[in-house]
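Trainee: Here is what each chain is made of, one letter per residue.
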Amino acid sequence: MRALVIDDSRTMRSVLGRQLHQLGYDVLQAGDGQEALDVLEAAGGDLPDVATVDWNMPVMDGLTFVKTLRQRAEWRTIALMMVTTEAEQGQIVRALAAGAHEYLIKPFPPEAFAEKLDLLGLSTARETA
Amino acid sequence: MSIVSDGEVVLTPTDLEEIAGWVWSAFLSEDGAMMSPLLADAPLDTDGEIVHASVAVHGAWNGQILLELTEETALDVSRAMLQTNDVSPEDVTDAVGELVNMVGGNVKSLMSSPSALTLPMVMSGKVKHRATHAVSEVCRADLEWRGKPLRVSVWSSTRENENGGTP
Chain Z
1 MRALVIDDSR TMRSVLGRQL HQLGYDVLQA GDGQEALDVL EAAGGDLPDV ATVDWNMPVM
61 DGLTFVKTLR QRAEWRTIAL MMVTTEAEQG QIVRALAAGA HEYLIKPFPP EAFAEKLDLL
121 GLSTARETA
Chain X
1 MSIVSDGEVV LTPTDLEEIA GWVWSAFLSE DGAMMSPLLA DAPLDTDGEI VHASVAVHGA
61 WNGQILLELT EETALDVSRA MLQTNDVSPE DVTDAVGELV NMVGGNVKSL MSSPSALTLP
121 MVMSGKVKHR ATHAVSEVCR ADLEWRGKPL RVSVWSSTRE NENGGTP
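Residue numbers (the working numbering), protein chains in the order written: chain Z, 1 to 129; chain X, 1 to 167.
Watch out, some of these pointers could steer you wrong.
What follows is a set of in silico ranges between Cβ atoms, one per label pair, in the way DEER data are often shown [as the list claims (entries may be wrong)]: (1) 118(Z) - 83(X): 21 to 27 Å; (2) 111(Z) - 12(X): 26 to 32 Å; (3) 26(Z) - 71(X): 32 to 38 Å.
Since the hints were made in silico from the structure, they are not lab data. Using N, Cα and C, we set each Cβ at its ideal position, and we do this for glycine too.
Generate coordinates for the entire structure from the input sequences, incorporating the hints supplied.
Mentor: So, in C-alpha cells, the structure goes:
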C-alpha cells in the first residue's frame, strides 16, 4: 500500500508519515498541491492508494488539488482524505463535494486517523505489509 | 466553555486551555507529559528571548491567535513532535508554526463564520506586543508544559488586512 502525504508543514508530513509507516504504508510526500500533482505524474502507474490533503498551503491549496485530481480519470482510484485545521461545516461540505472521501480535523489522536483509513477500506495495509 | 453573548462568542481562558490541551495531547503526550494551567504568579516572561507564532483569521471575524514560548520550550516541542533530538532551526519554526495553526484553526471554529485562516508566521527574539486601537487582546491563557510556561492569546481586529504577524 502507498500513501501520499500533502502538507506544507514538514512536521505534519513527518507525523502523518510515521503513522502511515507504522500501518504498513510506503509514504510519498509533497509540500503543496502542485508538488503533489508532480509526484503523481512521476509515479506513472504506481499510484498511491490514498492521499492525505491539507487545506491551507502555498502555491496550490488542498481544495484546488482535489478538484484538479478529480478531473483526471486515471487518478480516480486514489482515495482522498482532507487532514486540516479547517473545521467550518461549509468547508467540509465543499471538500466532500469536490471529491474528498473523508475529512479529519487537526488535532486528532492516531487512532482517529487509522479509523478514517478503515472507512476508506484501506485497513488491510498492516496485514499485507 | 465559550460564552455566547448577544450572538457573539466570548472566548474564555478555559477555551484556550482546552484547545491547547487537544493539540498537545494529540501530538505531544506520548511520553505522558501533560499540560495544565500555569499558576498566576509565574506567567511567561515575555521580556526575554521568546518564540512568537501567529495565524490570522479574516472574514466574519477578524483577529489573530498568538502562541508564545521560550526558545528552549520551542526546541523541546519540536523534538517531541518529530520524535528526534536532531532538529534544525527550520524544524523548530515549522513545528511551532503547525502548533499555532492547529490552535488557531480551532479558535476560528468557535468564532463567527465564514472566515479564512492565513499561513502561520513565526518570529524569535525580543518582540513587543504593539496593541493598537484596531488590535486588542480578548483572551489569554498562561499554561505550562513539562513545567515550562507558554502563552496562548487571541486578539481581535477591526481590520480585514491584518497579516499573521505579531499583534
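Trainee: Hints first: check each against the structure and report whether it holds.
Mentor: To see whether the hints hold, each was checked on the structure:
1. 118(Z) - 83(X): 21 to 27 Å: holds, 24 Å
2. 111(Z) - 12(X): 26 to 32 Å: holds, 29 Å
3. 26(Z) - 71(X): 32 to 38 Å: holds, 36 Å
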